[in-house]
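Starting from the structure of chain A, add chain B where the hints point.
In order, the protein sequence lines correspond to chains A and B. Sequence positions in the first sequence follow numbering that gives the first Met the number 0 and run 0 to 191. Sequence positions in the second sequence follow numbering that gives the first Met the number 0 and run 0 to 327.
These are computed hints drawn from the structure, not numbers from a lab. These numbers were taken from a predicted model, which means no experiment stands behind them. Note that CB positions come from ideal geometry on N, CA and C, so glycine has one too. Any given hint might turn out to be false.
Keeping only pairs whose Cα atoms sit at most 30 Å apart, straight-line, the calculated DSBU-like set for lysine-lysine is [stated by the list, open to error]:
no., chain 1, residue 1, chain 2, residue 2
1, B, K60, A, K181
2, A, K163, B, K78
3, B, K309, A, K164
4, A, K138, A, K163
5, B, K143, A, K82
6, A, K164, A, K138
7, B, K60, B, K78
8, B, K143, A, K181
9, A, K163, B, K60
10, A, K82, B, K78
11, B, K143, A, K164
12, B, K143, A, K84
13, A, K163, A, K187
Just the calculated beta-carbon pair ranges, DEER-fashion [unchecked claim]:
no., chain 1, residue 1, chain 2, residue 2, range
14, B, V44, A, L12, 45 to 51 Å
15, B, L41, A, A3, 54 to 60 Å
16, A, L135, B, Y4, 46 to 52 Å
17, B, R40, A, E83, 54 to 60 Å
18, B, L22, A, L12, 29 to 35 Å
19, A, L167, B, K78, 40 to 46 Å
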Amino acid sequence: MFEAIAFYLFAFLTISMFYIAVTTSQALYALSALAAGMIFISAFFFILGADFLGAVQIVVYSGAVMALYAFGMMFFDTTREIKEKQGNKAIVLGLSIISAILVVAIVAAPIVGNNIEALYPMVEGAGNTQEVGMVLFTKYLVPFEVAAVMLLVAMIAGIVLAGKKMDLSLTLMSEAEIMMMKEEDKNKKALS
Amino acid sequence: METAYLIETVIKIVVILLIFSALAGIGTYFERKVLAFMQRRLGPVNVGPFGLLQVAADGIKLFTKEDIIPTNVVGRIFKIAPVITAATAFMAAAAIPFLPSFTLFGYEVHPIVADINIGILYILGIMGVGLYGPLLGGMASANKFSLLSAARGAAVFISYEVVTGLSILAPIMMVGSLSLIDFNDYQAGGFTTWIVWSQPVAFILFWIAAFAETGRTPFHLIANDHEIIDGFGTEYSGMRWGLFFIGEYANMFFISFVISIIFLGGYGDGSFLGALGLLLKVAFFFFFFLWTRAAWPDVRPDQLMWLCWKVLMPIAVINIVITGIVMM
Numbered sequence: 000m001f002e003a004i005a006f007y008l009f010a011f012l013t014i015s016m017f018y019i020a021v022t023t024s025q026a027l028y029a030l031s032a033l034a035a036g037m038i039f040i041s042a043f044f045f046i047l048g049a050d051f052l053g054a055v056q057i058v059v060y061s062g063a064v065m066a067l068y069a070f071g072m073m074f075f076d077t078t079r080e081i082k083e084k085q086g087n088k089a090i091v092l093g094l095s096i097i098s099a100i101l102v103v104a105i106v107a108a109p110i111v112g113n114n115i116e117a118l119y120p121m122v123e124g125a126g127n128t129q130e131v132g133m134v135l136f137t138k139y140l141v142p143f144e145v146a147a148v149m150l151l152v153a154m155i156a157g158i159v160l161a162g163k164k165m166d167l168s169l170t171l172m173s174e175a176e177i178m179m180m181k182e183e184d185k186n187k188k189a190l191s
Numbered sequence: 000m001e002t003a004y005l006i007e008t009v010i011k012i013v014v015i016l017l018i019f020s021a022l023a024g025i026g027t028y029f030e031r032k033v034l035a036f037m038q039r040r041l042g043p044v045n046v047g048p049f050g051l052l053q054v055a056a057d058g059i060k061l062f063t064k065e066d067i068i069p070t071n072v073v074g075r076i077f078k079i080a081p082v083i084t085a086a087t088a089f090m091a092a093a094a095i096p097f098l099p100s101f102t103l104f105g106y107e108v109h110p111i112v113a114d115i116n117i118g119i120l121y122i123l124g125i126m127g128v129g130l131y132g133p134l135l136g137g138m139a140s141a142n143k144f145s146l147l148s149a150a151r152g153a154a155v156f157i158s159y160e161v162v163t164g165l166s167i168l169a170p171i172m173m174v175g176s177l178s179l180i181d182f183n184d185y186q187a188g189g190f191t192t193w194i195v196w197s198q199p200v201a202f203i204l205f206w207i208a209a210f211a212e213t214g215r216t217p218f219h220l221i222a223n224d225h226e227i228i229d230g231f232g233t234e235y236s237g238m239r240w241g242l243f244f245i246g247e248y249a250n251m252f253f254i255s256f257v258i259s260i261i262f263l264g265g266y267g268d269g270s271f272l273g274a275l276g277l278l279l280k281v282a283f284f285f286f287f288f289l290w291t292r293a294a295w296p297d298v299r300p301d302q303l304m305w306l307c308w309k310v311l312m313p314i315a316v317i318n319i320v321i322t323g324i325v326m327m
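Just chain A, same shape as in the assembly:
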């Protein structure tokens, strides 16, 4: 009974949080509601007994939404409401409902169609974390490695993009050196 109560409570909370995230015109509300919704989702993992995935959901998404806050800080005055350009509301609503139903149908069809069975049954005596590790490093090893390589590529790209003048530190330079650097920059611009 407690499981049912917890499920409906968190289902309600999650849906209402994402509803706020979509409908509000205040950037801070939207971001906070998104973060709260992501954290409430972890409750479903805990209810299902997948403790490890639940904790990972909290760790990963709280950090990911944090990056969104950083963008929010850069692009908006987060204490003001944002005027959005709104097109035809009926079309947006209709299309999003149809696509949501389609996604559910696509994911659910094989489950209904050929009675999916668990190919990798629970290992006796292994904890939650160990089981995730076993599946990750046997059946899903290649996708796991590909994901790792992709992250490496993204990291190197980030370093290259942000890495201009990384060897200089304005706090460690004297006033004269900074002025000289500015002059050089001006000259370069004038030349080009």
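Just chain B now, kept in the frame of chain A:
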């Protein structure tokens, strides 16, 4: 059976909440006394014997002060931010075994709210969520200095979470479990089996990162003293500001418990002496937080980032690799 379990859990939650809220108050008294002693002052002396009732006086002041919501702030977020700090601090406590299990009136009590088998991951995750308190408080305040402090705080937390996670990975590899009770049982053999002897580097790294996680003085950029104001808390007054404070102090106590259990043997074999030992270790780590505050100035933000990414993180990674090679 399920109802009994529910009642037991609720009682445990209430007890932990009451004890650590009170400890947060008494912690401020200790902080002021210790700082005063180290700086050749007296600290609080006027209210009650040795100024002990100062805590009560502060509490009355905080509770009865007018709760001001400034005009231009984002109202709801501004109000909820301190609650996030305090709530996440106590939520993290759910997976910490505070004492060995003992028998009370013929009923076996486990002083841990939820013995989930991923305890340490859960604690670090929830402590990471705790950052949303200062971040939202700063961003909703409509104050430039609050916003700056929030941005600085977010940068410090995100960076040092990497060090925390990596440094703790080596002990996790040795124990082979994420539950704090398993960590304790691994070191139940006594003084020589403590993980700190086999993982001294990880211990020091985690200890340094703990200062950043709790936002204590060498890494106290979140409420920077150089700006003379209280960072993200500038616009807050009364009990909302008090909630930020309770969250910070509760976090200090909880991270002290975590360090003691992971690296210093926890409550050992579960005897009375072991439990006393755990409390003494926690008291030492709490005292060390105050000691550092009296002895060290804040570091500059760029020095902090340099320390995290160029010193601590490579050391943590090398530590993991060496641990892995030795274990193979």
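Hints, verified against the model:
no.	hint	in the structure
1	B:K60 / A:K181	violated (53 Å)
2	A:K163 / B:K78	violated (41 Å)
3	B:K309 / A:K164	holds (17 Å)
4	A:K138 / A:K163	violated (41 Å)
5	B:K143 / A:K82	holds (23 Å)
6	A:K164 / A:K138	violated (44 Å)
7	B:K60 / B:K78	holds (19 Å)
8	B:K143 / A:K181	holds (27 Å)
9	A:K163 / B:K60	violated (52 Å)
10	A:K82 / B:K78	holds (24 Å)
11	B:K143 / A:K164	holds (28 Å)
12	B:K143 / A:K84	holds (28 Å)
13	A:K163 / A:K187	holds (15 Å)
14	B:V44 / A:L12: 45 to 51 Å	holds (49 Å)
15	B:L41 / A:A3: 54 to 60 Å	holds (59 Å)
16	A:L135 / B:Y4: 46 to 52 Å	violated (33 Å)
17	B:R40 / A:E83: 54 to 60 Å	holds (56 Å)
18	B:L22 / A:L12: 29 to 35 Å	holds (31 Å)
19	A:L167 / B:K78: 40 to 46 Å	holds (43 Å)
In this structure, the hints that do not hold are numbers 1, 2, 4, 6, 9 and 16, in rising order.
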